[in-house]
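Take the sequences, apply the hints, and build the full model.
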Amino acid sequence: MSSEKKIIFALVILLFFSFCFLSYFEKKQLQPSDAGWEIYFEDPQSDNLTFIIENNTKTKKIHWKEMAGESNVIIKEADILVVSGQKSTIPLLNESDGEKITIEVSDELGGKKEIHKRFN
Amino acid sequence: MLELFQSQISFYLTIALVLFVPGYFMLLAFFGKEKLGVLERFIAATGLSILITDFLMLVMSRVEILFTRASLVITLLIFSASCFLVYRKRFKKAPGVAETKASSDFSFKQTLLIILILFLSIFIRSVYLQNNLPSSSTDLGHHMYWSKLFAESGKIQNYTQREIVLKDGAYQIDAPKPISDFVIGEHLIFTAISLISGASFISAFPVSVLLFINIFSLLAVFILSLRLFEASPQNKNIAIFALLFCGALFVIDPPQAKFVGGGVIGNILGNLLIPLTFYFYVRFLREKESVFLFFALFFSMGLFYTHHLSGLIFLLTFVGFVALSFLFNFQETKQVFFSQKRSWQSPLLLAFLVFSLVFVFIIYTPTYLTNSAVNTVVGAVKKIEHTGLSILQFRNVLGEARFALGAFGILLFLAPLRKSISRYSFLLLFSWISVITLISLAPGLVKISIPSGRVANYGVYPFAIISAFAFISVFGQKDFHKNLLVPFGQKLIIGAFLLLFIFINLDGFSDTTIYLKGNDSAKKTFQTFNASEYLATRMKKTDLLASDHVYLFADSWVKLFFMRDYYFPSYRANFERYENGVDKKEFCTRDMISNPGGELGEKCYSDLGTNFVMVNKLMDGAQFRKLNNFWQVYSNEEINIYYRNK
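Residue numbers (the working numbering), protein chains in the order written: chain R, 1 to 120; chain V, 1001 to 1646.
Simulated from the structure, these hints should not be mistaken for lab results. Errors might be hidden in some of the hints.
[Stated by the list, open to error] Simulated crosslink set (PhoX-like; lysine-lysine; CA at most 25 Å straight-line):
1. V/Lys1524 to R/Lys100
2. R/Lys28 to V/Lys1646
3. V/Lys1258 to R/Lys27
4. R/Lys27 to V/Lys1524
5. V/Lys1626 to R/Lys27
6. V/Lys1148 to V/Lys1089
7. V/Lys1626 to R/Lys65
8. R/Lys58 to V/Lys1646
9. R/Lys87 to V/Lys1524
10. R/Lys87 to V/Lys1035
11. V/Lys1523 to V/Lys1148
12. V/Lys1540 to R/Lys61
13. R/Lys27 to V/Lys1109
14. V/Lys1148 to V/Lys1167
15. R/Lys100 to V/Lys1148
16. R/Lys100 to R/Lys65
On a predicted model such as this, the values are computed, not experimentally measured, just so you know.
Encoded structure:
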């Protein structure tokens, strides 16, 4: 094999491994185990309060509260288990009488997020 | 696992089909295996394939053949097979016998060194780029929108943009207007690769393709150096050191891995095509064969269909080179222009002339010509980033070692020390370096208004070549001390060599240690993609979204989830763009995020009908939380989404 062919051969091998390496990391990054979790209303535009928790962390135990008004009076609360990479839908009926409804969700490490809708 | 394996195989085959096969067979059809070495053919095939794919897709679009996997594969295969048949017919009598004639035979140590440099070049770039996955850069997001649009619609669309304007006292989004920021050649290869391989635009594939092109641009410099210094017995060593100086040193700094990760597609393509274009001109001037001129012209034309700034740098260098050739190499240049009539009048060149005219006037005219964008480049320098760099800034862009050696190389060129270097090689390199230096340092003198920093980055490649020349001129010969003007002792020279080599490597690798530290960009990108996906599945066609470029990571990629318009979602730009009086003349995009409850913010929401907004929760969440008409409907680690309930 001539020296030029050896260089081409080496180049092709190096590029192949580089692409495999990048592809592996891309897959790894797109299936993260520490990308946090998210909460959202299933229907952002209606009065429906059903919300979803999507978990992309190793933690499983999640606590949620439904609170009413500016003073955040707790209406409902519960613990749920959401396995990493999964999501859980929590159906809620709108029973507010024209006030703000806040959904506050926290994990066992103290991370906290909230979403809300206002009906006044 | 099987799916991953299949997608990988499909991707590699597509890369070969789009970025190698058509160019390889076209080179075979024109040169056989005689005039280009194996390595030269392999490297030139990549640049040529990019241009052929672009041109074929432009023709397909013109004759209204939709871009699909089948149509693209068939077109590329028909073209390649036709070239192969021509090759078989033309070179039937001596198939593959004279392959070694044009090949360079490297020694074992040289081969090993080249492979080591390539290994370092690819390895460090890959390690850096894995921190940039999934892709998040602003430029790449913008570019991929167009590539995806062409892929989804199956044809080329006009580059247009919409803006918010005030009409009759009310804000509205005006009709689409042509934009000149993009050139078609920057996008078509990504469209082709995605359609054929099925790879998603929101994946590692664009970065992998750019890495591929970037590596081949280093090799283009390598083969160009081999030919520029062909008259020197040290040409292989010069080429190897040119590869080292532009490939393995300053690996991350622009225009290398940072440009790859940043998606600066035009510059990356330009840095491949410019050396290849010069390569064919150098071959023509040396060998006076019209087939080399044909390819030189083909690459020159391709540059203008790929990237306007690269095209301009090439054009100015070429004009400078011709002028310098008439001044300092009159006899030979006169002969090339006036006595080589047979070369100029060859049917091949006439065919090229017809091809280029048909292409420009009938098939596709680059948008920057139809939009008169040239007028914005030529003339007085207006923008601050166009006013030129200081010498210190220029040195930092090129890298201290490259800058110092490059300057020394120019002095060596000017000294009557090197008789073995062809005059054309010297004049071409001198013109290339002078044009880039002049536009980078004093654009006002040449009345060209383009970003000085971007232009300076083009200097890396010619400076790498001339640095390699300087280095080898001093240290690369057995009796090197006899070449020096001052007769130093041999031990002193060896000491100087070691010191210089250590300095070059320390300087060249210093950027690597800074950039290779991990970061959390993937995590942030993931948040933006998740939030975008949430909206894309829930927003109706009548809903409108405002987003933010200042604090949202990877925000330019949001539009790829909607594919409604290049302007969708509207976004708050960097604050200085609202203040310079040139870039942003409306303030809706700013106030809808910064002050949504203010008079202007309210009016903009009301007039435009924007009802969703996506912001960084820490930086911009507060002003929305206190407003009664905004519902916080989504929250992740970085982003909150608000719905404006009228």
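Q | Ascending list of hint numbers which this structure does not respect | A | Checked against the structure, the hints that fail are numbers 1, 2, 5, 6, 8, 10, 12, 13, 14 and 15, while the rest are satisfied.
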